[in-house]
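Chain by chain, the residues run as shown.
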Amino acid sequence: MNCVAHASETDLRKLLLAAINGDEAAYQRFLTRAAGLVRGFARRRCGALVDPEDIVQETLLAVHLKRHTWQTDAAVEPWLYAIARYKLVDAFRRKGRRIEVDIDGLADVLAAEPEAETLMARDVERVLDCLPAGQRNVVEAISVDGRSITETAVQFGMNEGAVRVALHRGLKTIAARFGKS
Amino acid sequence: MKTDDLIRGLSADRVSGMGMDRVWGLTLALAVIAAGVVFFATMGPRPDFGAAAETVRFIFKFIVTIVLAATAWLVLRRLSMPGGRGGLLPMVMAPVMLIAAVLLELAVLPSSNVAMSVIGKNAMVCLVAIPAIGLLPLVIFLAGLRHGAPERPGLAGMVAGVLAGAVAATFYAAHCTDDSPLFVVTWYPLAIAIVAVAGAVAARIVVRW
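Protein chains in written order, with the working numbering: chain E, 1 to 181; chain B, 182 to 390.
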């Protein structure tokens, strides 16, 4: 068990170091691995109130936007789980607040519960809708349609630098708005 | 959006933030400059600075505020990164040194002078000047925290306040003519606590990620 955990940490570290040096494929593998770990972590703790996949997505956004807070001499997993824990606590606090608002009529709460869950599952979609059209087009083209930066630039008649900026800004906005509202 | 779609979007984004070591080096430099500018523009060092610099009590004020600033800086740096180990323990060093100095002072000072040393002449100036000089440094350190990812924003904000207060106190100590550890132990912690509370409250609002 210990051996498995150690191998996982070593792999994660290799992938993340490669990613920091600009290896996009390694970064994609790192994020996929991280998503798997956080999914397990979140599923064991979420209960019915919070959709574990929302915690996974929020954690990945934070891992990405705060990856400069990982120091190359630190272990990857404690860093990753610390971010996941912060996002989980944050989600529960938001839910708690929402429940306090809803608790006026018990019938409403019971009727609203399944609906609230589907709403949570669409959090990123709703946030995408809030993005300015330019950022939204770029984020969707690259993530949902799987286009490269170059293809996206051609598609929207932008230069590649502008595509990169729009992508980064769009992801930042998604992270900031995720789960709020 | 599916998680795999999100991962594709994230891995295409190459923009990365400044490393935390550089951030905390930069914020410390900016905070010292900001505090220095405010200090020299408003009060400046006491007229007898040169003569005072030859007395142990005067020098000790700087030692204790600089030790507090250094330890708070180390703790803040760790608190700003997820999964960072270690607690607030390094920050007890300055208080322990100050308490030892107080005991020495009580041993050498005639008891009739104790009350006068505690009250001093600058208590109110101290309570206003340290938070005033520390305000800009606090804003700068909170910006550093926003760039990081503190797991406990309130606690990290408090430490940012202690650091800002300690930087401010280091400058203020050059102005203040009350050099007795009895004055320092009574008023400096109170003044720094004002900045620490402001830091904790502000961080809970502005440092969210």
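Do not take every clue at face value.
No more than 20 Å apart at the CA atoms, straight line, and that leaves these computed lysine to any residue pairs for SDA-like [what the hints assert, rightly or not]: (1) K66(E) with G134(E); (2) K302(B) with K183(B); (3) K172(E) with R195(B); (4) K66(E) with A82(E); (5) K66(E) with K302(B); (6) K172(E) with K183(B); (7) K183(B) with A35(E); (8) K66(E) with G198(B); (9) K183(B) with R147(E); (10) K14(E) with R85(E); (11) K183(B) with T32(E).
If you're looking for bench data, these hints aren't it; they were derived computationally from the structure. Note that the structure is a prediction, hence the values are computed from the model and not measured.
So, going through the hints one by one against the coordinates:
| no. | hint | result |
| --- | --- | --- |
| 1 | K66(E) with G134(E) | violated, 24 Å |
| 2 | K302(B) with K183(B) | violated, 66 Å |
| 3 | K172(E) with R195(B) | holds, 13 Å |
| 4 | K66(E) with A82(E) | holds, 12 Å |
| 5 | K66(E) with K302(B) | violated, 48 Å |
| 6 | K172(E) with K183(B) | holds, 18 Å |
| 7 | K183(B) with A35(E) | holds, 12 Å |
| 8 | K66(E) with G198(B) | holds, 7 Å |
| 9 | K183(B) with R147(E) | holds, 16 Å |
| 10 | K14(E) with R85(E) | violated, 23 Å |
| 11 | K183(B) with T32(E) | holds, 12 Å |
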